[in-house]
Every structure is written in structure tokens, then in C-alpha cells.
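> Those protein sequence lines, which keep their order, are chains L and U. Residue numbers are given in our numbering: position 263 of the first sequence equals residue 264, and the series is strictly consecutive. Residue numbers are given in our numbering: position 322 of the second sequence equals residue 323, and the series is strictly consecutive.
Be careful, since some hints might not be right.
One copy or two, either will do: identical chains are not told apart, so a pair holds if it fits within one copy or between any two.
Capping the alpha-carbon separation at 25 Å, the derived lysine to any residue pairs in SDA-like fashion look like this [stated by the list, open to error]:
id, residue 1, residue 2
1, Lys135, Asp266
2, Lys321, Thr166
3, Lys321, Thr102
4, Lys135, Arg64
5, Lys321, Ala104
6, Lys135, Phe120
7, Lys336, Ala217
8, Lys336, Ala107
9, Lys135, Glu171
10, Lys321, Glu171
11, Lys321, Arg170
12, Lys321, Ser160
13, Lys321, Gly155
14, Lys321, Ile96
15, Lys321, Val163
16, Lys135, Glu249
17, Lys321, Ser157
18, Lys321, Arg63
19, Lys336, Ser214
20, Lys135, Leu59
21, Lys321, Arg64
22, Lys321, Ala156
23, Lys321, Gly93
24, Lys321, Ala333
Honestly, the hints are just simulated from the structure, not real lab data.
Protein chains: 2
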Amino acid sequence: MTSRQRFLDAISGVELDRPPVWLMRQAGRYLPEYREVRGGTPFMEFCRDVDRAVEVSLQPWRRFGTDAVIFFSDILVPLEAMGLHVSIGDGGPSIGNPVRTGADVARLHGFDPERETGFVPEILRRLCREVDGKAALLGFAGAPWTTASYAIEGASGRSFQVAKTLALREPALVHDLLARIADATALYLRAQIDAGVDAVQLFDTWAGELSPSDYAAFAAPYQARVFSQLPAAIPRILFVNGAAPHLEAMAASGAGVLSLDWRVDLAEARRRVPGMVLQGNVDPCTLLGPLPAITGAVARCLAATGGVRHIVNLGHGVLKETPPDAVAAFVAAAKGGAA
Amino acid sequence: MTSRQRFLDAISGVELDRPPVWLMRQAGRYLPEYREVRGGTPFMEFCRDVDRAVEVSLQPWRRFGTDAVIFFSDILVPLEAMGLHVSIGDGGPSIGNPVRTGADVARLHGFDPERETGFVPEILRRLCREVDGKAALLGFAGAPWTTASYAIEGASGRSFQVAKTLALREPALVHDLLARIADATALYLRAQIDAGVDAVQLFDTWAGELSPSDYAAFAAPYQARVFSQLPAAIPRILFVNGAAPHLEAMAASGAGVLSLDWRVDLAEARRRVPGMVLQGNVDPCTLLGPLPAITGAVARCLAATGGVRHIVNLGHGVLKETPPDAVAAFVAAAKGGAA
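Pulled out of the complex, with its shape left as it was, chain L reads as follows (with noise of 0.2 Å):
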């Protein structure tokens, strides 16, 4: 059975032998051979070098053998697209004109994705050779409310007060802003789905930081006018940062599988939202651990979703500290052998 069947698979809730595995951001600065690749290159414009990005998303995969393949990017190459000017440094992302007016929303414009970010369907169509249906290949976008967050904050924030305060002042402008990135947004993945992914992630990530109603106002709608723009048949997956209030609210998205962090119980999940197919949720730290801790970890996980209608990841992205060595024993647990 290929990886690729593995997966879908599991989204179709069929039993299987082990679950399949992936991480969040198995491609990056913690790989040696990535770093080689990548040198000084700037983060938006390594973004649009096809070939290196063909070979940074492969190389997790030929080191490790996850079941997945998701193409290296980042989640505001849309952004950028319709008119924001992205830069990513070591203290994350930074935009040069931020929106913060009416005209800054009327500003932005949408963008056919062949033409104006033709290098993220060309990665993929490169990438989709590449895998040859071995493994399953997953686009991705940001969702609706965290790329709108970064286009107004402007610079990553800890609490999202900018654009939390646009919010409650101007919530019309908010939401023009949030329709538009969700209609480009759709269209992005799109754009993916015709270049041959198998499914594709819409992240979330900052959407764990709003009170349940604001979710119900400025996230989970937004979700929703995505997801209902893609093909029926594609697979989609919902990650938020901070799930735990939000599990039925993103269980009625129109995702099938729901990302979650480490600091909600998978057990619980299931009880809350036994439809969903669930990935997760190893804590990103435990890597930096000794390996018996990685296992249990994973064990633990296991054991809260027998290993059925579960994707295995952590519950966010690969720390850069992260050893290689932690990564194989993460994925090996996963599939049930010694690293």
C-alpha cells in the first residue's frame, strides 16, 4: 500500500495497520540538507525558486518516509500577491504597507494564481512527478482571519491587538477584508488542486486566540466561504492554534479532518467531534526531548484514537531546533518500528 492510499484512506475512515504520519513544517531550517539549499537566500524569494522548493519539500520525505508531501511556501505568498509587501526575517513576518483603512482594504486586489504565483502550481506540478502518487501531496493556504491578522498587525504581535481593535472599530472593513482573502484564498487552492495535490490544509493559526464569539464572527464564516469554493471531492483539513473552544465550531467548516494543537486531549476530541478525522498533536517541544519521551508521546496519542481516522503530527509546526534524530524517532513510533 502506498503512502499516498494510507492517507487518503484515513480520511476516508477505513482500517488500517498504523495511521498515517506527516509533521507541520517538515521542511525547513532544522534540516541540515535544507540549509545547504536555502544558503542566504531571502524567505519570499527562495518561496518563488522552483527548483529549490521541489527539493527542500522532497527532502523530509526521502529522509524520513512521511506519508505526505506538502510543497514549501509560506502562507502569505497571497498576500503578497494582492499587493502587500512581504518580508520574513528571524522574528517572523513583516509587512511594509499594512492595512489599516478602507482604501488600504480597496487597495488590495484578487490574483489569478497561474499567472501571478504560477511558481506555487508549477512546485506542485513538479512535485506531483516527483512523488508519482507514492505519497500524498498536500497544498495549503492560510485561512481567511490569520492572513488578515498579519495584514493589518503588519508584524507579528503576541496578542493580535491591532487587528483585534480594527475589529470591534471598523468591523465592516474587517469583514470586506476577510471576504476578499477568502475568495482569493479559494481560488489559490484551486489553482492547487488543478496542479494534482490530494488535499489541501487551510491554516488557521492565530484563529485560537479570539473569544468564541468573535471565532463565530470573524473565523469560522470565513473558514466556511473557503471550503465552500473548493471541489467537493478534495480533502480538507482545518488547523487551528488553540482548538480546544473551537472543536464543534470547526467541525461545522466543511473540513473532514481537524489539525489540532497539544493542548487539548485527542480522546476528548473524538468524544466532542466523533465525525472528524483528526490529526495531531504531539507538542513541538517533545522533540527536543530524550527519545523515550518522543515515543511516548506518540503512544499516547495512539492510544487516545486507536490509531483510527488519525493523520499522526505534531500539534504545530517543527521547532528549528528540532534534531533530525527526533524527527525519524517521532515518525518511526508512528509507524509502529524502532527509529
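Guided by the hints, dock chain U onto chain L, whose structure is given.
What follows is chain U alone, placed relative to chain L:
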């Protein structure tokens, strides 16, 4: 009825015409009268200045008529008394000699709160006379996990990976550190109780970053260890930022009041832990918005609890950008009147 009686009645479950209200970090930089008194004094030095700490503790009570007065201080005062070099700047706390090894833990010493942090009981005795039973006087301390994570990290991080990694690699060392901090914290709170506080709040601000199994191992037992060493009659409030996954565990800590962040709905919290008094939980960012948004957020909280066994508060501390008028509107909304 005095504010003090109202506060204690809310905790006892007595039916009231309106619930009591106060705000975490109600004394602080957002108030011009605080900035005037503080001047350029370094933070930890300011905490030790009895006259000025008393004055800034009283400022929000005088200005807004909150039902509780919490003494002005910092949760890292006990760590300093245990031998760490603490300084607090705009970027958060930093510790010159963080705890990383068994020798570092062994070097920490218990302390006599009346002698080594005598300014704290002195501030409280003075506040007790000033407040004179008109408002509830609150003591507080950091909970062991939160305090230990500062001690280990040595600086503010976002992911607490140094503390979590040490907990994975050297659990015995971290348990030893947590036990020492818990016992010192219990003595520190007993000195506050002897000085006349009406209730104590334990801030486990960062426990919400732990997985449920790590919370059970590293946070919960040490919250209980602190509470179990306090006189039975003193009301105990437990705050966790990111409380949603942990409500049931929090209810088993020995606290009678759970102070909740804004990410969880109070009606859901009431269903899950029906025996608990709830404190909170408006998003502090709401106070950066227009006045109707503030009134609406308070009304939603009150609707969720019916105002019964509820202490109105924010879900975390007042942000330094908050306009004082917004705090006035918040207090007025909780009291059921106009600002």
C-alpha cells in the same frame, strides 16, 4: 453593602443584585497617575517601595470604584528572594542566573517572607488600613509551573521550549524545583494572609501552554501543594491563561474560584465545572475598542452566568495601551449603570 462583602458573598454563592468587579493588572502603566508616581524607577525597585506601591494599588479603586484592591507587585518577587537576579523591562522579565542544573536548584533558598520580602506584608498591612473593609483586599503569587518556567527560561519566550525541554530531560530536577517554589509560595501567601488579605489569587499564566498530560504532571500537583498549605477559610482563586482544556483539573486544585481567559465561553465553563465560582473573562483587547463593544462584552459574560457566583474581570491583565475611560466603562457595565 460594602464591596468587600459583595466580593465574599459572590464567592460564597450568596445571591446578589450584581456581581463584584475588578481587573487583573488594574494598577499599572495605562493610568497617568501611575506613570507619574512611577517615574523612571526600575520595576523591581518600585515593587519594594512601600509608600508608592500602596499609592498605585489604591489608584484604580479610587478612580473606578472596583470591588477589590490587589496589591501592586510582581509574581517574580519570590524568585528574587530565593536568589535569582530578576529584572523587568519593556520586553518582559529577565533573569541573570537562570536555573538549568541540579546545582542551580540546590542554590535556591527558602525565605522568610516577613524578613526577606517584608515590604509585601507591610504594603498589605497599610492597604488593609487604607481600604478599611470597604473593598476586598487581594493577595497573589505566581503558581509553581509559571514561576519555574520564568526561572528556567531566564527571559520571555513564546514557546517555553527551554523549560519544557528541561522537564523532559530532567524531570526529577524540575519536580524538585517546583516543590521548592510551591513551599516557598505557600509561606509567602500565608504572610499575605496574616497581613490581612481577604482572598488570594494564584497565577498559573503559562500552564495553559502545556499538554493535558504535562499539565497533570507539572502544573496541577503544585497548585494543589500551594493551596493545601493555606488556612482552610481563605478563598482561593486560580488563574490559567488558556484554561479551556483544563477546567476540570483546575476545579480539583483546591481553588473555589476559577479565573478564566477569554477563549472559553463562561456558559460552557459553568456546565463543565458547575460547583465553581467563575471570574472573568473579557478579552483585554476589547478595552481598546469603542464603548458599546465593552458594554456588549460585559453583557455577554453576565448573560452566560446570570451574574451568579461570578466575579466580573478581564481574561488577562489590562493592556498598557488601554484608555482609562474604557476601564471606567467596563466597571460601570458590570455595575449595571452608565460610565
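> Taking the hints in turn, state whether each one holds.
Status of the hints after comparison with the structure:
no. : hint            : in the structure
1   : Lys135 x Asp266 : neither (31 Å within a copy, 44 Å between copies)
2   : Lys321 x Thr166 : between (32 Å within a copy, 14 Å between copies)
3   : Lys321 x Thr102 : between (36 Å within a copy, 24 Å between copies)
4   : Lys135 x Arg64  : within (15 Å within a copy, 67 Å between copies)
5   : Lys321 x Ala104 : neither (38 Å within a copy, 29 Å between copies)
6   : Lys135 x Phe120 : within (23 Å within a copy, 67 Å between copies)
7   : Lys336 x Ala217 : neither (37 Å within a copy, 27 Å between copies)
8   : Lys336 x Ala107 : neither (49 Å within a copy, 42 Å between copies)
9   : Lys135 x Glu171 : neither (48 Å within a copy, 40 Å between copies)
10  : Lys321 x Glu171 : between (37 Å within a copy, 22 Å between copies)
11  : Lys321 x Arg170 : between (37 Å within a copy, 18 Å between copies)
12  : Lys321 x Ser160 : both (23 Å within a copy, 12 Å between copies)
13  : Lys321 x Gly155 : both (23 Å within a copy, 20 Å between copies)
14  : Lys321 x Ile96  : both (23 Å within a copy, 24 Å between copies)
15  : Lys321 x Val163 : between (28 Å within a copy, 13 Å between copies)
16  : Lys135 x Glu249 : neither (33 Å within a copy, 44 Å between copies)
17  : Lys321 x Ser157 : both (17 Å within a copy, 18 Å between copies)
18  : Lys321 x Arg63  : within (19 Å within a copy, 49 Å between copies)
19  : Lys336 x Ser214 : between (40 Å within a copy, 22 Å between copies)
20  : Lys135 x Leu59  : within (12 Å within a copy, 67 Å between copies)
21  : Lys321 x Arg64  : within (17 Å within a copy, 48 Å between copies)
22  : Lys321 x Ala156 : both (20 Å within a copy, 19 Å between copies)
23  : Lys321 x Gly93  : both (13 Å within a copy, 23 Å between copies)
24  : Lys321 x Ala333 : within (20 Å within a copy, 47 Å between copies)
Hint violations for this structure: numbers 1, 5, 7, 8, 9 and 16, all remaining hints satisfied.
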